[in-house]
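S.K.: Here the protein sequences come in this chain order: A and B.
The first sequence: position 417 = 1387 (the numbering used here), numbered continuously.
The second sequence: position 269 = 1239 (the numbering used here), numbered continuously.
Hints are supplied without guarantee of correctness; some may be wrong.
Remember, identical chains collapse to one label, so a pair may be satisfied in a single copy or spanning two.
Stated by the list, open to error - Below, a list of computed lysine to any residue pairs in the SDA-like style, where the Cα atoms sit at most 25 Å apart:
#: 1; residue 1: Lys1234; residue 2: Leu1264
#: 2; residue 1: Lys1133; residue 2: Gly1339
#: 3; residue 1: Lys1335; residue 2: Leu1448
#: 4; residue 1: Lys1172; residue 2: Val1002
#: 5; residue 1: Lys1172; residue 2: Phe989
#: 6; residue 1: Lys1335; residue 2: Gln1363
#: 7; residue 1: Lys1335; residue 2: Gly1424
#: 8; residue 1: Lys1172; residue 2: Ser1206
#: 9; residue 1: Lys1335; residue 2: Met1384
#: 10; residue 1: Lys1234; residue 2: Glu1151
#: 11; residue 1: Lys1154; residue 2: Thr1295
#: 12; residue 1: Lys1154; residue 2: Gly1125
In short, the hints are calculated from the structure, not lab data.
2 protein chains.
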Amino acid sequence: MRNSLFPVLGVLGFAVALFSVAFLVPLTYAFVTDEPTVHAFATGFLVTFGIGVTAHVLTRRFRRELQPRDGFLLVSTVWSGLPAFATIPMVLFFDDLSVTDAYFEMVSALTTTGATVLSGLDDMPASINIWRHLLSWMGGMGILVLAVAILPLLGVGGSQVFKAETPGPMKDSKLTPRITETAKSLYMVYLMLSVACAISYKLAGMTWLDAFLHTGTTVSLSGFSSHDASYAYFDSAAIEMVAVVFMMIAAVNFSIHFLAWRGKSFRPYANCPEAKWFFMLMFGAVSLITVYLLAHQEYTTFSEAFRYALFNTVSVATTTGYANTDYSQWPLFAPLLMIFLSMFATAAGSTGGGIKMLRAVILFKHAIGELSRILHPRAINPVRIRGSAVSPQVIFGVLAFMLMYGMSVITITMLLIFTGLDPISALTTGISMINNLGPALGEFGPVDHYGALGDFQTWLCSFAMLLGRLEMFTILVLFTPAFWRK
Amino acid sequence: MRNSLFPVLGVLGFAVALFSVAFLVPLTYAFVTDEPTVHAFATGFLVTFGIGVTAHVLTRRFRRELQPRDGFLLVSTVWSGLPAFATIPMVLFFDDLSVTDAYFEMVSALTTTGATVLSGLDDMPASINIWRHLLSWMGGMGILVLAVAILPLLGVGGSQVFKAETPGPMKDSKLTPRITETAKSLYMVYLMLSVACAISYKLAGMTWLDAFLHTGTTVSLSGFSSHDASYAYFDSAAIEMVAVVFMMIAAVNFSIHFLAWRGKSFRPYANCPEAKWFFMLMFGAVSLITVYLLAHQEYTTFSEAFRYALFNTVSVATTTGYANTDYSQWPLFAPLLMIFLSMFATAAGSTGGGIKMLRAVILFKHAIGELSRILHPRAINPVRIRGSAVSPQVIFGVLAFMLMYGMSVITITMLLIFTGLDPISALTTGISMINNLGPALGEFGPVDHYGALGDFQTWLCSFAMLLGRLEMFTILVLFTPAFWRK
Ligand SMILES: [K+]
Ligand SMILES: [K+]
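Full structure from sequences and hints, please.
M.R.: Right, dumping it as structure tokens:
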């Protein structure tokens, strides 16, 4: 017990203490603008910092090198624990917000799901929205390192193939500096992108506050807005274009952005199987939905149909979740297709959720390969990604991931139906939570919020968001007896 | 062309000529009872027999040993071609039945799906129902040989593991006699089961005609009834019990029945991983749904809730499709769970449809194995079925099958939604067709029929039934360029 849990608790305490610094941002804003949230954020900071430091110090003497097994526990507890601390100021400030709902909101922020239980966002103290959006932005940073450095190390669901090609000198060095180096390059891209996005939003007509808030939920593909009406509030084609461009950039593997920036060349994009498929898919889907909306006379002009098809399709497919109209009122084929795309449009190493394009490409090539293997049982044609053969072990991992993904969607959908949701709301909510998308259809469309969920359903959705964000296995492995043996 | 297609056409012609004999059964009945369908069945017989014999004779000089590649073409054309001939008397007799609908009905019969576009079944000439039910019964025979002898030979979707353990002396002999021997043992079981089922139905209170008709759609798990109200027409617990027992027997691998019969022992069932899981699953599902129905006050007494839960759950899970009440009116969790079970409850080598329990067991064990492989990357613990390790090739095949299955369900559902169905009807119809189940939910519940489908939708559903029955790959491989090369 002491030997297995305490070292993890020590690192966790350090992470919590570090995380407490984040509280200072909304606290400072609230203090300067004299908002009634000062007390809530100050308490949140003190409690979080105190508990983090205490845990770190008390477990100091158990410190040791972490094992892969510790990794699962650490990643799971960090991603489920930090939202618990983030919940403190929310519960303190809102009289009528249950712990269940507040935890959902904070998990939603940190996993960049962007599903909200709150309404009346426009009238809240800005510091509350700053908190939600800041957590989303930080969640985006967490995801980048998770996807290209930590999950591959843990061997989760074929993610070995996601591994970043770290720049030259670091190639065969020790673990920690390598992760650090990878994180540095990705964060540089993330920061540059954030600055560019904020300036673009401002130039397109947002206030500086809105520009900052929405940058935090655009580059992280979170999809939170500080307005109940989401992007319909702005009703500006220019602002929507900025969002579309940056959502698409953030849905591409950040390692590719880094390589392109370092080499001052677009070639890395052309060589990336994910980016190629992603752009083709977006082009096809937006075209199809534009035509479909015109054919069903949802819009009368091409430019109008195109504007709404483009913004909402890109938003949903990239697992962002912004909306500039209530697309759940469109004939159902369109929003269902959009949600279907959110399963695999985003790249591994992006801030998006879902199965990830790389897994989808591997699966697609494997399925085609199996078809031809039926005709030529002895032919050897391994799945190739960027020219090199993908090992059977990785393919097995990807296929097992798909199984877990499918079983999770079905189980969560059935539990939501069992507890009273209608099937369309249940299915799309299940998919939306696991994909870290945000909005669903039915009761939980883009203009609704998740306040109507029951307590059990809310916890289930919080679990589903974490399950999706940590790519199933990281969490599921904790439920195996083998994990806790010895 | 001549060398590749004509030999297949020759065998196909032979099959068609042989199939024409089936027309003589309803023809004889119609002749004896003086029904107005005599002309239709006589014409059907003559045309079918004539075309079959002509095709066989004309291609005689191209005859040669068939290759595996021919197998795909032959199996696909037999299963899509015979329903076309079966359509003839239907179109001739019914003035208002389109070719589209008639073909759907006949594909539904031969694939033992049991979905109907007809209403007013009770008032039709009995010979029409005899034709539908006879084709279902024959379809059941076709499936048995397909599953345990032909598909394993073609290497479809991991089905190598389905291969029947043929009785001793034939073990290493040539192909054709081995298939013949396997077919003989399975057909003996099928015939004995049919006789037992018919007698039981009669003893339970059916007329002889109803007993024969419903035996044909019970042992084949087709689910056609000669009454619009299905089993609600009889409203007899005794008749329902007979149906439940024989549906469950027919959902078990017929090779196991054969082994049990030959060895006069129940041990083969205990050693069969599919039978064990199937019975546990049925027990669990019926218990859960009984309690669920009582909790939702659909029924007031336990015995009533149990009666309806048992009959309809077993009927849907075994992909039969009989109903003794409109279960689509139950709270949706129950019918959705039933349809979900229909995906994998039936055994490989049974007359049921869907993914098959053996694939599900392999997948489940593989997923568990992957979870423990994450913790112990170097441990070797292969998936075992009946004590022997399953080869990676088979697991790859099963996983590819799952992919194709999932993609097919999603594609067909989306196409049905695109062409105007509501999502629940579309999803459950897609699953129902691919699983060869029959009834769906929404517009196409157990008391509805499929006459409301548009032409395109009807053809799509006919395709889906064939796709499911031939386990995806047999048909999909025909759409690969590689198949037609050289
Ligand atoms: K999101
Ligand atoms: K059926």
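S.K.: Evaluate each hint against the coordinates.
M.R.: Against the structure, the hints come out as follows:
| no. | hint | verdict |
| --- | --- | --- |
| 1 | Lys1234 with Leu1264 | neither (41 Å within a copy, 68 Å between copies) |
| 2 | Lys1133 with Gly1339 | both (24 Å within a copy, 23 Å between copies) |
| 3 | Lys1335 with Leu1448 | between (31 Å within a copy, 17 Å between copies) |
| 4 | Lys1172 with Val1002 | within (22 Å within a copy, 87 Å between copies) |
| 5 | Lys1172 with Phe989 | neither (29 Å within a copy, 75 Å between copies) |
| 6 | Lys1335 with Gln1363 | both (15 Å within a copy, 16 Å between copies) |
| 7 | Lys1335 with Gly1424 | neither (42 Å within a copy, 34 Å between copies) |
| 8 | Lys1172 with Ser1206 | within (12 Å within a copy, 74 Å between copies) |
| 9 | Lys1335 with Met1384 | between (31 Å within a copy, 22 Å between copies) |
| 10 | Lys1234 with Glu1151 | within (20 Å within a copy, 69 Å between copies) |
| 11 | Lys1154 with Thr1295 | neither (38 Å within a copy, 64 Å between copies) |
| 12 | Lys1154 with Gly1125 | within (22 Å within a copy, 49 Å between copies) |
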